[in-house]
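Going down the list, the sequences are from chains B and H.
Its first residue numbered 0, the first sequence is counted upward by one per residue in numbering that gives the first Met the number 0.
Its first residue numbered 0, the second sequence is counted upward by one per residue in numbering that gives the first Met the number 0.
Hints are supplied without guarantee of correctness; some may be wrong.
To be verified - Subject to a maximum C-alpha distance of 30 Å in a straight line, what follows is the list of computed DSSO-like cross-link-like pairs (lysine-lysine):
| hint | chain 1 | residue 1 | chain 2 | residue 2 |
| --- | --- | --- | --- | --- |
| 1 | B | K224 | B | K58 |
| 2 | H | K34 | B | K374 |
| 3 | B | K374 | H | K25 |
| 4 | H | K34 | B | K382 |
| 5 | H | K25 | B | K60 |
| 6 | B | K224 | H | K25 |
| 7 | H | K34 | B | K224 |
| 8 | B | K137 | B | K284 |
| 9 | B | K202 | B | K315 |
| 10 | H | K34 | B | K58 |
| 11 | B | K60 | B | K130 |
| 12 | B | K58 | H | K25 |
| 13 | B | K58 | B | K137 |
| 14 | H | K34 | B | K130 |
| 15 | B | K382 | H | K25 |
| 16 | B | K284 | H | K34 |
By construction, these hints were calculated from the structure, which means they are not laboratory data.
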Amino acid sequence: MKKISSKKVRDSLTLACCSLLHSAPEARAELLKDVQVDSAVLVYSESDGRVSLIEPVIKLKSELDEDEFLNVQLVLDTLTGASPNGAQISTVAQTFTSPSGNNNYTIQPGDIPLDDTFHDTRVAISASLEKPLDRLRKNTYSAAFSTEYDFLSFSAGYTYTQDSQFKDTTYMAGASLTSDTIGPVGGAPIPFAAMQPSGTASKLGDDSRSTIDLITGITKVLNKKTITQLNYSYSRSNGYHNDPYKVVSIVDGSTGLPTYNFNVNGDYLYESRPDSRQRHIVYWKTAHHLTEDVINVAYRYYQDDWGISSHTVDFKYRYELANQNFLQPHIRFYSQTGADFYRHSLTDTEALALPEYASADLRLAEFTAFTVGLKYSHQLGPKEIISGRVEIMQQTGDSSPVDAIGVQTTQDLHPDLTATILQLSYSFIW
Amino acid sequence: MTKLLRAVFLVILFSVVSACEIQPVKSWERGYLAKPSMQLTPDEVENGLDEHIYFSKEASTGGQAVGGGGCGCN
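Put together the whole structure using the sequences plus the hints.
Written as C-alpha cells, this is what we have:
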C-alpha cells in the first residue's frame, strides 16, 4: 500500500470524522494531525466451496487533544459461496426453493444441502470518541452503523472508565443499544411454515430486533510484567431471532427419508426460534512479559437462556525477533453445548404436533472448534509495520447422533467445517 | 467440563484476590507494561476481524466490550 498524502483524501476524512461528531469541519481540521492508520485485508475461505469472504478494513485514530482520541473504522465485506440451509443429508435427491421463491435447486444424494444463492456485501462504519474528564476518569462514546442487502443495524454505546490513584487498577462500566432491521430475500418466512414450490408466495415482510448490552470490568496491574482484566457482560435481545434461510427437514419416523405431505418436492419447515435471548458472559484475559517474549491468554465463559453454554480459550505467544519483528503462534479452543431446541430433523409424527421451537442450524448444535495460526510482523520504519497471518479453523460435531433414524444412521449428520483465514495488515502514521 | 470450569474460576479468583494484596507497581517500574506488545488487545483490527468470524460461525459472542457494528450473518 502506498502512503496517502492527497489533500483531497485528508479533507474527505476530516468531513467524515466531523459528520460523526456533528461539528464544523473547520473546527476540527487543525486537529487531524498524525493520524494512526491501521489497514488490513482478511480472506476467509471454507472448504468444499462453501462460504468465501473478503474483508478490507481501515481504522484511523487521531489525538484531538491531550488524551482525547477519535477512532473511525470502515469495514467492507463481500460474501460468496454456499451456506447450509439446515436440511439433512439424505440418500435421495432433494429439491429446494430458493429464498426469493422464484427458483429451485437440487442437492444430490449424500451431499450437504447448500444454498448456493448465498452472497452479500456489507458496509460497516463505526466511530468512538475517548474524552478524559480528568487525570483518572474517562468517557467513551461510540456509534456504529452497518448495512447489507438484507440487514440494517444501528448501535450507540457509552463506557465510563476510572483509574485508581496509582493507575494500577481501572474500573469500567458500559452500555450499548442496538437496533436491527432484517429484510430477508423474498421476505421473512412464517415460523414453521412449509417451504413451498417456487412461484408460491408464502412469506411476510421485514422484521426487527433490539438489543441492550451491559458490561462491567476491572483491569489490574499485577506486577512489573503482568496485567490482567476480568469483565462481566449481560445482553438481552428482543424481536426476530430466526435465520430466515434455514429450514428443518421432516422425515419418515421409521425410514428417515424425506416426506412429501406439504410440498411435492419434500417437506421442509422454516425454523422457529424464541423471540428473545439473554446472555451472560465472563471474560478474562492476561498479558505477561517474559524476558523478551509476551504471552497473551484469554478465557471466556458464555451462557444463554437458549440452553447454550460455551468455553473459549485463546493463547498467543509473541516470539520477539531482531529489530522489533516478531512471530506469533496462536491457538484457540472453543466448545459449546447445543440449544434446547436444536433438532437435526423432525419426524412426520412431530410435524403434526410441533414443538414450540426447532432449528437445525448447525451453529446451534453441540460442537467443538479448534484454530491454529501463525503471524509474522515486520517493522518497516519507526511507526510503519506490515504483518501477515495464516490460520486454520476446524469445527467438529456429532456426526452420528443416537436419535438418527433409518437412513440417517448411514449419513454424516454434522459434517466438519474447515476454514482458512489469511490476513495482511499495514499500519503507518499519516 | 465442570472440573475445568471450576479450575478456571479458581485461577481467576486467585488472580483477583492476589492482585488486591500486592503493592502497587510504581510508575517508574512500568517499562515492560508500557510496551505496545503488553496491551491486552495489541491488535484491535485483527481482534475485530476474529470477533466477526466467530460471531458468524458460533452461538457465543461478546465479553470484551459493548457496541460495535451489527451483522446479519447470525
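**Request:** Find the hints from earlier in the document that the structure breaks and name them by number, from lowest to highest.
**Result:** 3, 9, 12
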